[in-house]
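Number of protein chains: 2
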Amino acid sequence: MSEHALHDLLEALRRLPGVGAKSAQRMAFHLLQHDRDGARRLAAALLAADQQVRHCRRCHTFTEAEVCATCLDPRRDGRQLAVVETPADQAALERSGSFHGLYFVLMGRLSPLDGVGVHDIGLAPLLERAGDGTVQEVILALSFTAEGEATAHVAGQALAARGIKVTRLARGVPVGSELEYVDLSTIAHALSDRR
Amino acid sequence: MSEHALHDLLEALRRLPGVGAKSAQRMAFHLLQHDRDGARRLAAALLAADQQVRHCRRCHTFTEAEVCATCLDPRRDGRQLAVVETPADQAALERSGSFHGLYFVLMGRLSPLDGVGVHDIGLAPLLERAGDGTVQEVILALSFTAEGEATAHVAGQALAARGIKVTRLARGVPVGSELEYVDLSTIAHALSDRR
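Just so you know, the protein sequences line up as chains V and A, in that order. In case it helps, the working numbering puts the first sequence at residues 1 to 195. In case it helps, the working numbering puts the second sequence at residues 196 to 390.
There could be a bad hint or two in this list.
To be verified - Partial selection, computed: residues in chain A whose CB lies under 8 Å from chain V:
1. Ser-218
2. Asp-230
3. Leu-237
4. Leu-241
5. Ala-283
Source of the hints: derived by calculation from the structure; they are not laboratory data. Every residue gets a Cβ at the ideal spot worked out from N, C-alpha and C, and that includes glycine.
Kindly produce the complete structure, drawing on both the sequences and the hints.
Next comes the structure, spelled out in structure tokens:
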């Protein structure tokens, strides 16, 4: 076989999340047959991102500067700090347009089965960040999954032990959904948290 | 915003087939947070493949040599030529272990709606290849989709007009399937081609 380059490309594509053997083949075929320019651009973008993207010193999200644009924005309310799992979650909160405080991005969540423990998520930096004297409330905007709940539990306890006010997102019936199709656990939470 | 590198990476990932905004975000996050080495490897593999991978002069498949290993294999029977749409289809035929002839890879199929016409698939090279004096039978191993059928029709007529024997894969009930769940068109074909 003299097809090392093609083989290496398939292997490298398969390392992407959600990409199996068939998808990798389809991607490689598409790039080599129809979009060579796209292949070169993706290579350049990967190298540039690897070199330039790092973590914001304050909120830990991806940024190319020392401190990200959100943390530097003087219009944001530094008294509220929302803790999210990923930049994607942060972006979702931003799109809702209902939060004007600052963020702390854990870049993960507790997942003992995958070997992600308390030290792998940025718990110590979060405690330091939340204790800056300005933060009055930490909003744990974490997923309502088993792993998100565990993360919220650990982070909430550690923050509360330092006397910081901790809240979580409300659990309840999603906007636009019919009660008939909402799962029972959500209905139970919506009932007990009724207002 | 000072996040050009991240933005460019997301855009480049979205150009891959089957990758939308959410998948691109997940891939970028994974590479930057958990697999920087994978990002660099993918970049290197893309550049190497772009520089080294070209088309086999005989069968048109991807190769890094002038002529691919399959075409050079003296144990293969040059009297039979299987026409396939993509290298993936060729690989599927190879895995079946039931074909020992040579291949011609069209690298596509007729698709007028997508602007893929007769000149975009390698019909002229196929006619030249099939007329080398050794080929006695051209097996059209194309998809049984509307586009594959159209491709087979055009290629079959052009080959037959040159006096070359043309056959197609049998249509019928897949191995391991229960008749009850096979679609009606397949059953009709299996009936009319019964043996």
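Here is how each hint holds up against the structure:
1. Ser-218: holds (6 Å)
2. Asp-230: Holds - the Cβ of Asp-230 (chain A) comes within 8 Å of chain V, reaching about 6 Å at its closest.
3. Leu-237: holds (4 Å)
4. Leu-241: holds (4 Å)
5. Ala-283: holds (5 Å)
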